[in-house]
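Please model the entire structure based on the sequences and the hints provided.
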Amino acid sequence: MFSAELQHLLITIDKSGCVLVTKTDDRSTTTKYITPPSITQQEVVSVSGAGDCFNSGFLSAMLHNFGIEKSVEIAKDCANKSLRSIDAVPEDLLLRV
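Each residue of the sequence shown is one higher than the one before, starting from 1 at the first, in full-length UniProt numbering.
By construction, these hints were calculated from the structure, which means they are not laboratory data.
Keep in mind that the hints are not guaranteed to be accurate.
Said to hold, decoys possible - Listed below are the simulated EDC-like cross-link pairs for lysine to aspartate or glutamate, each with C-alpha atoms no more than 20 Å apart in a straight line:
| # | residue 1 | residue 2 |
| --- | --- | --- |
| 1 | K70 | D52 |
| 2 | K23 | E5 |
| 3 | K15 | E73 |
| 4 | K15 | D52 |
| 5 | K23 | E69 |
| 6 | K32 | E69 |
| 7 | K32 | D14 |
| 8 | K32 | D77 |
| 9 | K15 | E43 |
| 10 | K15 | D87 |
| 11 | K32 | E73 |
| 12 | K15 | D77 |
Unchecked claim - Derived Cβ-Cβ restraints for the label pairs, each shown as a range:
| # | residue 1 | residue 2 | range |
| --- | --- | --- | --- |
| 13 | S46 | I68 | 26 to 32 Å |
| 14 | R84 | L6 | 21 to 27 Å |
| 15 | H8 | Q41 | 26 to 32 Å |
| 16 | G67 | L94 | 21 to 27 Å |
Glycine included, each C-beta is placed from N, C-alpha and C at the ideal position.
Right, dumping it as structure tokens:
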């Protein structure tokens, strides 16, 4: 399933969270369901940009060597901030770049 270089596959499933597939040392895989950001429908201001914020938060964290689990948590936090903002990319996330 995985190429020699690929260690992880992260699949987002809209508002249902995401699935992380990881290659193990014995070349098999593990699959982990990751819950979506904790937010009620009433707290959602706009969905525009939430997926982009998730992806950019994840990639930025991975590039800063936070590891896969922490990177997913950072990604969820970025998506959560976007969902609570009228802006696609909330200003407080822009200030962190």
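Outcome of the hint check:
1. Under the criterion of a C-alpha separation no larger than 20 Å, the hint pairing K70 with D52 is consistent with the structure, at around 18 Å.
2. Only pairs whose Cα atoms come within 20 Å are accepted, and K23 paired with E5 is accepted, the gap being roughly 10 Å.
3. Taking the CA atoms of K15 and E73, the gap is about 15 Å. The hint holds against a cut of 20 Å.
4. Among the hinted pairs, K15 with D52 is consistent with the structure: their alpha-carbon atoms are about 13 Å apart, no more than 20 Å.
5. Between the alpha carbons of K23 and E69 the distance comes to roughly 14 Å, so the proposed pair stays at or under 20 Å and holds.
6. Restraint check for K32 and E69: satisfied, since their Cα atoms lie roughly 11 Å apart, inside the 20 Å limit.
7. Restraint check for K32 and D14: the C-alpha separation of about 16 Å stays at or below 20 Å, so the hint holds.
8. Taking the CA atoms of K32 and D77, the gap is about 18 Å. The hint holds against a cut of 20 Å.
9. Between K15 and E43 the CA atoms are separated by roughly 14 Å; this keeps the pair inside 20 Å, and the hint holds.
10. Of the supplied pair hints, the one linking K15 and D87 holds, its CA atoms being roughly 18 Å apart against a limit of 20 Å.
11. Only pairs whose Cα atoms come within 20 Å are accepted, and K32 paired with E73 is accepted, the gap being roughly 13 Å.
12. With a C-alpha separation of about 14 Å, the suggested pair K15 and D77 falls inside the 20 Å cut-off, and the hint holds.
13. Between S46 and I68 the CB atoms are about 28 Å apart, so this pair conforms to the stated range of 26 to 32 Å.
14. At roughly 33 Å, the beta carbons of R84 and L6 sit outside the given window of 21 to 27 Å.
15. Restraint check, H8 to Q41: a C-beta distance of roughly 31 Å satisfies the suggested window 26 to 32 Å.
16. For the hinted restraint 21 to 27 Å between G67 and L94, the CB-CB distance of approximately 24 Å keeps it satisfied.
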